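J.: Sequence:
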Amino acid sequence: MHTEYLPEELKRQMQEVFANIQKDRPRYLDWIKTEIEALITSINNFDKIYVLGGLGAKLIKAMPNSYTLFMENYKHQDAIDQGQLVHNDDEIELLLEYAMSIAAATANTSELTPNAEELQAIYEQLSRIKYNMGMWEMSAEIPANCNQSDHWLRTQIVTERINVRGSGYHIHVTEIFKELFAPFSEYLNQYYQFDADDLLRVILKLDSLVYSKVGNPLGSANSHDRLKEWMATQGEDKVFQTMMETGKHFIQQFTDANPDLKNPDTPDTVLLRSLDDITSYNTIFWVIPHSEKEKAVFEKLSTAFGENGIFFQPEKFKAFILNDTIIKLQPLIKEKDKFYHFSLNLSFRNIFRITENLIKSTSEVYFQNHYQGNTDPNSKDNYIEHKAKRLFEKLLPSAQFYSSLDYYVPDGNGDSKKTELDILGISADAIYIIEVKAGSLNDKHKRGALKGLKLRLEQTVSTGSYQSHSALKYIQNNERPEFSYVTNEVRKQLVINKSSVKSYYKITVTFEHLAGIASNLKYLISSGVMSEEYKWAWIISIFDLMVFADLMPDEAKFKEYLDNRLALYDREDISFSDELDILGYHMEGHFPLGAVKKDTHLQGMGFKDDIDRYYEQNSMGIPYNGKPGFK
2 MHTEYLPEEL KRQMQEVFAN IQKDRPRYLD WIKTEIEALI TSINNFDKIY
52 VLGGLGAKLI KAMPNSYTLF MENYKHQDAI DQGQLVHNDD EIELLLEYAM
102 SIAAATANTS ELTPNAEELQ AIYEQLSRIK YNMGMWEMSA EIPANCNQSD
152 HWLRTQIVTE RINVRGSGYH IHVTEIFKEL FAPFSEYLNQ YYQFDADDLL
202 RVILKLDSLV YSKVGNPLGS ANSHDRLKEW MATQGEDKVF QTMMETGKHF
252 IQQFTDANPD LKNPDTPDTV LLRSLDDITS YNTIFWVIPH SEKEKAVFEK
302 LSTAFGENGI FFQPEKFKAF ILNDTIIKLQ PLIKEKDKFY HFSLNLSFRN
352 IFRITENLIK STSEVYFQNH YQGNTDPNSK DNYIEHKAKR LFEKLLPSAQ
402 FYSSLDYYVP DGNGDSKKTE LDILGISADA IYIIEVKAGS LNDKHKRGAL
452 KGLKLRLEQT VSTGSYQSHS ALKYIQNNER PEFSYVTNEV RKQLVINKSS
502 VKSYYKITVT FEHLAGIASN LKYLISSGVM SEEYKWAWII SIFDLMVFAD
552 LMPDEAKFKE YLDNRLALYD REDISFSDEL DILGYHMEGH FPLGAVKKDT
602 HLQGMGFKDD IDRYYEQNSM GIPYNGKPGF K
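Heads up, the sequence shown stops at 632 in the numbering used here, and the numbers go up one at a time, no gaps.
These are calculated hints, taken from the structure and not from any lab test.
Zero decoy hints are in this set.
No more than 20 Å apart at the CA atoms, straight line, and that leaves these computed lysine to any residue pairs for SDA-like:
1) 499 <-> 428
2) 361 <-> 379
3) 536 <-> 570
4) 229 <-> 251
5) 493 <-> 402
6) 388 <-> 399
7) 301 <-> 368
8) 335 <-> 284
9) 62 <-> 221
10) 317 <-> 27
11) 337 <-> 283
12) 523 <-> 149
13) 319 <-> 31
14) 452 <-> 440
15) 499 <-> 406
16) 317 <-> 39
17) 329 <-> 362
Computed spacing ranges between beta-carbons, pair by pair:
18) 493 <-> 412: 22 to 32 Å
19) 557 <-> 132: 38 to 48 Å
20) 149 <-> 429: 37 to 47 Å
21) 240 <-> 487: 50 to 60 Å
22) 336 <-> 366: 34 to 44 Å
23) 572 <-> 430: 20 to 30 Å
24) 430 <-> 628: 24 to 34 Å
25) 226 <-> 595: 47 to 57 Å
26) 429 <-> 367: 43 to 53 Å
None of the values given here were measured: they were computed from a predicted structure.
Backbone N, C-alpha and C define an ideal beta-carbon position, used for all residues, glycine too.
Just need the whole structure built from these sequences, with the hints factored in.
T.: Encoded structure:
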């Protein structure tokens, strides 16, 4: 965790690089296209199962798990094989997804197995293209009808898309998913023969099916779990009876049912494999459904080589990293009736859009009228509002929260106009005015389609800020501000006593994780997305709000956070790209910020590392030494 100055010399060098690119961007783009064609040729030269397996093995090595975390904390570090520790690689998850999109665009026609050097060359080519695509995007000239903030906004969105930012921690994503889609389970089951819980269970199981074949203690534990699950399904009596009748050892019976674990040399043992053994990749990443319901999920999650031709369209942007791809919706590869799970976490990272697509595919009308909007009480919009209210009640237990409120303001013609407010919180000396927005950015927005991106941000961030600002002015300008709300199907009146109120806070809760954009509203203001008047609102995703509800000790600390957090909007000397880095900065005792430091700029990063570790270990069932706290 640190604050980082960007040296003037580095700034100058970067500006020089961008200036050189801008001198002849078409030639630079042609060079990138040539590199992409070379990459496609390299991938197609080999059996793609082994190419994707090689990248999948790199991803496994780069992902922390219960075993690597244990080894990192082991006292006798000098006795540890360094291959058993995490191999840090911030790129591999995106590079593997990119390679999968390319590989699935055409048929798998080669039978050649690449060697380690050839796999490394493909990895380096993927990385080179990713880097240069990022440079090409960032060096784009500002269109005549746009300004510097428009350029920053587009670059921020594209950069976050290229660098794979998740929505939230595993435990929180799971919680939201279960609650959001529970009302739609029966509907899903009607069309697909599996429900939302089945989908979640299978997606959570996929990674363990791969881990169960890796030759380390974690692999042994996962293969043993599979054995126990199989034994429970078969029944010990049946397994013993088969042993007596056929002489077939129970392990051999188990591997007959789970051939991806079979050891051809010693049938009575389970074979675990090294991630460095290239010839084993067709087995390590082979995943087998063990019921008709699981197979139904696998089928919906899978695509075959040759079915992702959309990734090569349009021809002039063939295989560009931000192109449309079906891999996000169908992250398994199916080849010759076998399913392969190469990218751990890809299915889970896209679980919301996968499930939304399943609902939408059955009926666009049902999707619009029941899942979206607010006419159905179980809709996404209504769920996110109710969830936000429950989280604020957990965060501020001494405050009283009301939802779905109405109030009346003059409409300019002397008549009263009914206006809505999502949530209102009242504590001893503070009022929290909260709007909730369930909209999401689509792939076009995330590719930097500026007009659509700005419109969607206006509909979420700007509209939420405007609505909370409108409610604030109503409260401040009336001696007895009055709201109506419904509880237990009874409409009630709420009159606010402002005599003890010292602080008002405007808050917008979003479903979309806007990260750097929400931390830097000044760019939205100068790009015309929102008004300067509305900027004093805290923009927070529902997933980050769950962290605040977990870790914030009391209202005093929360108000201290908001006061200093909102002050960041006017600071030019320090910035953050993640809300949880700001929370970590607060927990480290760095608020209040102090006087503005002229002619300097600090970038805060890494302050959420303790928060990350806490939730990572929590999701793996590993005890953590208490929740991260304030110093």
